[in-house]
Amino acid sequence: MASKRVVRKLSLCMILLLCLSGCWDSSDIEDISFAMGFGIDASDDEQEPIQLTTQVALTKKQGEQATAQQGKLFQNVTLKANSIHEMVRGLSLQLPYPILTDHLETVVINQDIVTDYDLFILLDELLRDNITRLSPSVVISAQQASDILATNIDGEITSDYISAFFTNETSTMKILPKVRVGDVTANLISGTSVILPKITKDKKTVKLDGAGIIRAKDNKLTGFLTDKEVEGVNWLTGEGAGGLLNFRDEKGNTIIYEIQHYKTKSNPHYKNGKLTFDVQITAQGWITEDWSLTSNNLSEKYVDKLERLAAEEVVKIVEGTMKKLQQDYKTDVVKFYDSFRIAYPRDYQKMQKDWDNYFADADVKYDVKIKIVNTGDLVKEGKPK
Amino acid sequence: MGKIIEFLVRTDVWLGTIVVVLVPVLSALLFHKLKELRRQTNMRPKQHFIPSSIVLSEKLTSNVKSIKAIVGDSSDIIFRQFKLGNDNRSCSIVHIDGLVDTQQLQQAILHPLLHGKQTKTKLNLFKSQSIKDYLLNHTIEVSDIKVTKEIDKVVRQLLSGSVLLLVDGLDEALLLSVKKWVSRSVEEPISESLVRGPRMGFIENLRDNTAILRRMTTDPNLTFKDFDVGERTKKQLTIAYIRDIANEELLTEVTRRIEDLDIDHVAESGYIEQLIEDNYFSIFPQVQSTERPDRVMAAILEGRVAIMLDGTPYVLIAPATFSIMLQSPEDYYERWIPMSLIRVLRYVAALLSVFLPSFYIAFVSFHQGLIPTDLALAIAGTRVGVPFPTIIEALLMEVSIELLREAGLRLPKPVGQTVGLVGALIIGEAAVQAGLVSPIMVIVVSATAISSFVSPQYNAGIALRSLRFLSMFSAALLGLYGISLFFVALCIHAVKLKSFGLPYVTPGTLYSKEDWKDFFLRLPLFTMRKRPAEYFPKDQVRMRKK
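These protein sequence lines are chains V and L, in that order. Residue 115 in our numbering sits at position 115 of the first sequence, and the numbers go up by one each step. To convert a position in the second sequence, counted from 1, into our numbering, add 385.
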């Protein structure tokens, strides 16, 4: 009787388990094509207007003593179609193993395609795909994205190389913080403009050079900022992590101020339909280079003078940037909307759709305080050489 | 409908189902069978190895004859007949050659008996009572003398090394203890060596072992309680405890389980361990075994009970918990900060020795996205050309490591080292060169092997070693999800497990902050003023003031 019960239980188990289909996710790591970067270009073909370049890491090469060969560590596959996912799947016709986008580092977007197409549409597939992460960085390219990705730098995978630039943000103000796919889409959804780092190909290498601005109105490229203007953006957002400030004294001698850390606060005032921002910038740092060779480096008067000159230079930089943003591009990429939203939440709700225009008409006042905490070790008395 | 039928006739579906169903069902059936086997009462009739029909009489010749009948004609039994020096009464000495100190036998027994002079004429030697008195009080120069009538006891004592003195006209036998046999000297315990601490280990002789314990304390409460285990071989077993510390209930439980033992021969304390443990299906050892006297002393001072068996240096300590398996006496001998860190390291090592290969399998065959990009590319690069999936690769390496380990144990010492060296070279170098395994797998396997050596208790180490394989299979089936399931199952089992009424994961389950002082960390000694509450000691205070 006990055995009868056992048999009944056993058969029940069998039937129940048969209804479950097996889900086998196992696939060995060497049987996978790691997609490291995507490049999106426009194509001449009308039927297939988009061109996708996928950068795949070559693991075979690394296995066979990569140091000896110094060959290419990646393989680029370029396809044309009218949809991104179509092209991603089309890779299966050319690559032996399925694509894994978990390790995607960079998405390079050509400037031409983003002037024609909504950026949100271009990134739609990456956002919906449940495997892809939101962390790859998004950059805009002056040249064809396929060319950028094809740049062969010894011992490097180009998209990895590009993405690694953003770790340098502590050493210069000319690098924007890394813009991730998630940031871009989040901004575009909430209707704010986005600034994307621009990458250019320079002979045999690639470099960061300024930035491109995507306006919120139609999610398309409006224009570019030079790296000097990017510096201003960093001063205004307060999101930079440090860098240099290059200014001149009255005699035209170059002086370099290294920013240890700085803080930016924009205080909005909204009265009778008039929008003004008081921007307070405070910075702390060192003098690291002084071409004037002044001997009285330590005198308070001299330091005060340098602090004033540096502050004037910062104002000049941010005013230049602001002028371009307000007059030429009419986009708020310095995130003033955030402080305004916090101060005037009701008003912002009404103004949100048209924010970029309000921003363009706003008055901005600057209050810059630069502090020099260290003038360097030049303490010698007497005449300069 | 057609699709369902199509699905149902697929062979892989059936194969998978059969595997998924049969494995648990078969193991459940097996466990059921084992349970029944254990529950089955022993139908063996009570055996009498010494016929109780024989009784000692007053006649010497018949007594000698019956003893001869019982012990047979073994060549090592010596019967010596002689006459008492004073009145020519017939006597007989029986003893086992080799278990008796012959010099003492000559000087303290034979000589006084043979040369006894009739000092007290008042003694009426025809009364058996006065012969006994004469022998015990005036002649024999041995301190440990037992007088008994029971033939069973007589024979057992004779066979364990006592000298048997039979006197004509006396229906009792005198058992004189002048035992001496070859025994090993006290050495450093091999399986549990420490950097700091006594270099003393238990040996095979039970009396020496109890003496070692006795040497460590003059506390009159240290108690040894004797039992005879083994129906046929009657080995001596002693439980040691401190009378005013050890919990009463624990003592009765240990006593009950030992008295319940029914087996004809106990070869080693491992037999006792397996017969008195709570759960025989569990992979974890539920009784601690050690050959370090300091460890035993510390344990019985905490209120635990030590079980010592004659013939083995391994002493059992009950109850045991998982945390004890990762503790070493050295934790208390060295200063607390480094030893706390080392203890944490042991927990990490235990975790690694179970889960490291399975994590490797899970990451490499399921969750490639969770590895940092550069590492992922490096692993992929090294695995190119490896013909097996990760699980087979891992099994191959793990099995060969286990083989090497086992072979190294069995071989004589000098050869064993060579085998280890050659094996490591072959596995490390040649297997990678031949493309059978990837270099990273070699790193993983050797790191695992090293961390499994960290466990201070050998039996805990082998338990973790076997768990590793289960964990590897679950990782190969379901990735990280499988590992989590395995871990949860392991936790459920460990929480359910008890050792002599004490939950196995104590103090992990007890909400007592007191015992956590000596769990992952070993806090300074002055913080542990009370004995661990987990053993419910009668005397709780260990240290009154700083």
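Quick caveat, the hints were computed from the structure, so don't treat them as lab data. A quick note: this is a predicted structure, and the numbers were derived from the prediction, not measured. Take these hints with a grain of salt, some might be off.
Said to hold, decoys possible - With a cut-off of at most 35 Å between alpha-carbon atoms, the simulated DSBU-like pairs for lysine-lysine come out as follows:
hint : chain 1 : residue 1 : chain 2 : residue 2
1    : V       : 9         : L       : 418
2    : V       : 265       : V       : 251
3    : L       : 388       : V       : 9
4    : V       : 9         : L       : 883
5    : L       : 881       : V       : 4
6    : L       : 420       : V       : 4
7    : L       : 453       : V       : 4
8    : L       : 418       : V       : 4
9    : V       : 9         : L       : 453
10   : V       : 9         : L       : 420
11   : V       : 4         : L       : 620
12   : V       : 324       : V       : 365
13   : L       : 453       : L       : 620
14   : V       : 207       : V       : 274
Checked hints:
{"no.": "1", "hint": "V:9 <-> L:418", "result": "holds, 18 Å"}
{"no.": "2", "hint": "V:265 <-> V:251", "result": "holds, 32 Å"}
{"no.": "3", "hint": "L:388 <-> V:9", "result": "holds, 26 Å"}
{"no.": "4", "hint": "V:9 <-> L:883", "result": "holds, 30 Å"}
{"no.": "5", "hint": "L:881 <-> V:4", "result": "holds, 30 Å"}
{"no.": "6", "hint": "L:420 <-> V:4", "result": "holds, 20 Å"}
{"no.": "7", "hint": "L:453 <-> V:4", "result": "violated, 60 Å"}
{"no.": "8", "hint": "L:418 <-> V:4", "result": "holds, 16 Å"}
{"no.": "9", "hint": "V:9 <-> L:453", "result": "violated, 63 Å"}
{"no.": "10", "hint": "V:9 <-> L:420", "result": "holds, 20 Å"}
{"no.": "11", "hint": "V:4 <-> L:620", "result": "violated, 47 Å"}
{"no.": "12", "hint": "V:324 <-> V:365", "result": "holds, 16 Å"}
{"no.": "13", "hint": "L:453 <-> L:620", "result": "holds, 23 Å"}
{"no.": "14", "hint": "V:207 <-> V:274", "result": "violated, 41 Å"}
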